[in-house]
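Here the UniProt record's numbering is used: the first residue of the sequence shown is 1, the next is one more, and so on.
Worth flagging that the hints you see were computed from the coordinates, not collected in a lab.
Computed from a predicted model, the values in this text were never measured in an experiment.
Cβ coordinates follow ideal geometry from the N, Cα and C atoms, glycine included.
Take the hints with a grain of salt, since some may be wrong.
[Stated by the list, open to error] Label-pair ranges, simulated between beta-carbon atoms:
1) 125 <-> 147: 31 to 39 Å
2) 146 <-> 106: 14 to 22 Å
3) 104 <-> 248: 30 to 38 Å
4) 88 <-> 225: 36 to 44 Å
5) 132 <-> 215: 23 to 31 Å
6) 110 <-> 70: 34 to 42 Å
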Amino acid sequence: MHKSRGGGRRKNNFRKQRPDRESRPLAEKLSELSVTSDSSSADEDGTDESGSGQSSGEESTPKSKFDIGKPPKFPVSMWDLKHCDPKKCSGRKLARHGLINCLRLGQKFPGLVLTPVGVNCVSPQDKEIIKSSGIAVVDCSWARLDETPFNKMRSPNPRLLPFLVAANPINYGKPCKLSCVEAIAASMYITGYKQEALWYLNKFSWGHSFVELNQELLDAYAGCADSKAILEVQKQYLENAKDELQADRSFPSTESEEEADDGDESEEQDSDGSKRGETSIAETRKESEKQNIK
């Protein structure tokens, strides 16, 4: 076997220059190693592989006031109908990071299940169900509910979510069009698992917006005794929102707006040089005179 000249001498020189390499314990050597994740996929998902929701350079700096929380001690699962784009589906992203279990069609889930075919709303009364058996969601497209086999996703505790506004990039600002992670987090928040809800939302760069948009409602729902009380809160909130909208529409226009409208009408002229405003008034008078004559 060919041996390069001076190989042994270089090896000895290296040992003399770095004697600490031989004597340091293994634990100290391992402490210098760092495990890096795929930054491209982490950026796309708005999260990192560790599940902390922070990059290596931001470990001590929270992104927002909602950058808190703790992982749940109960199971979190979903039935994935594969209706959505894998790159945009929040449920798929949770599954890729090991934060949610995927159930098979026909597999029964003993805990609380968020499904469009539920009868009662989620309420604080469901806390013990989630604590003992977990929470699951049916991840399907809102546009394909008719073809979703809900009869193959059975649970003794099907639930609906009360009125909330979506904050996900696809349906931002739309009522009730929540993503998978928003539905899970909302149920956790309402049933008293606020820290767990924030922990899940923090895996997405837009997650804190969901709490910001729905803070008033989420806190009100969490303070209810049962689903009946939640429906009362929902009804009152929607009535107040309707009254506020009607009040905004009934405000009279300002003088500046009226002057601007008058100016626009006076400046508009027909091709023969006559003003449209004057012509329309004259025509109106003629029509009224004809009706009076008749």
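Just tell me: holds or violated, for the beta carbon distance of residue 146 and residue 106 against 14 to 22 Å? Once the Cβ atoms are compared, 20 Å apart, the range 14 to 22 Å for residue 106 and residue 146 holds.
Against the range 23 to 31 Å, how does the distance between the Cβ atoms of residue 132 and residue 215 compare: consistent or not? Distance hint for residue 132, residue 215 holds at roughly 29 Å.
Against the range 34 to 42 Å, how does the distance between the Cβ atoms of residue 110 and residue 70 compare: consistent or not? 23 Å, violated
Do the Cβ positions of residue 125 and residue 147 conform to the proposed distance bound of 31 to 39 Å? The hint (31 to 39 Å, Cβ to Cβ) holds, given that residue 125 and residue 147 are roughly 32 Å apart.
Just to be sure I understand the hint, the distance between the Cβ atoms of residue 88 and residue 225 should be within 36 to 44 Å; is that true here? 37 Å, holds
Outcome for the supplied range 30 to 38 Å, where the beta carbon pair is residue 104 and residue 248: Given a distance of about 50 Å, which is not inside 30 to 38 Å, the answer is violated.
The structure does not agree with the numbered hints 3 and 6 stated previously, though it agrees with the rest.
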